[in-house]
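Numbering (my numbering), first residue to last: 105 to 162.
Quick caveat, the hints were computed from the structure, so don't treat them as lab data. For clarity, every value in this text was computed on a predicted model and none was experimentally measured. It is possible that some hints are incorrect.
Said to hold, decoys possible - Across the chosen pairs, the derived CB separations fall in these ranges:
hint	residue 1	residue 2	range
1	N162	Q127	36 to 46 Å
2	N162	Q136	38 to 48 Å
3	Q136	L160	33 to 43 Å
4	Q130	K161	16 to 26 Å
5	N162	Q130	34 to 44 Å
For glycine and all other residues, C-beta sits at the position ideal for the given N, C-alpha and C.
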Amino acid sequence: EHFHLFDYDYEYDDEQLVQEIQQQLQSHNSNQMEMIEQMVNRKYELELWREEIQHLKN
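When you get a sec, could you build the whole thing from the sequences and use the hints?
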């Protein structure tokens with residue numbers, strides 16, 4: 105399941121990611137700082153996944 109989620113997220117480019125997060129936050133009435141925070145967290149998670157998969161491949 106993790107890999108499925110990862111594949112889904114991994115295909116996203118930054119612009120799509122920003123749009124998706126903006127949409128989510130609009131419905132939650134959140135501010136810009138939160139949007140940036142979420143994006144940074146998401147990118148950090150993706151980075152960890154990338155390293156993990158790289159490790160598994162080796």
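Outcome of the hint check:
no. : hint                    : verdict
1   : N162 x Q127: 36 to 46 Å : 37 Å, holds
2   : N162 x Q136: 38 to 48 Å : 40 Å, holds
3   : Q136 x L160: 33 to 43 Å : 36 Å, holds
4   : Q130 x K161: 16 to 26 Å : 38 Å, violated
5   : N162 x Q130: 34 to 44 Å : 42 Å, holds
Hint 4 from the earlier list is the only one contradicted by this structure; the remaining hints agree with it.
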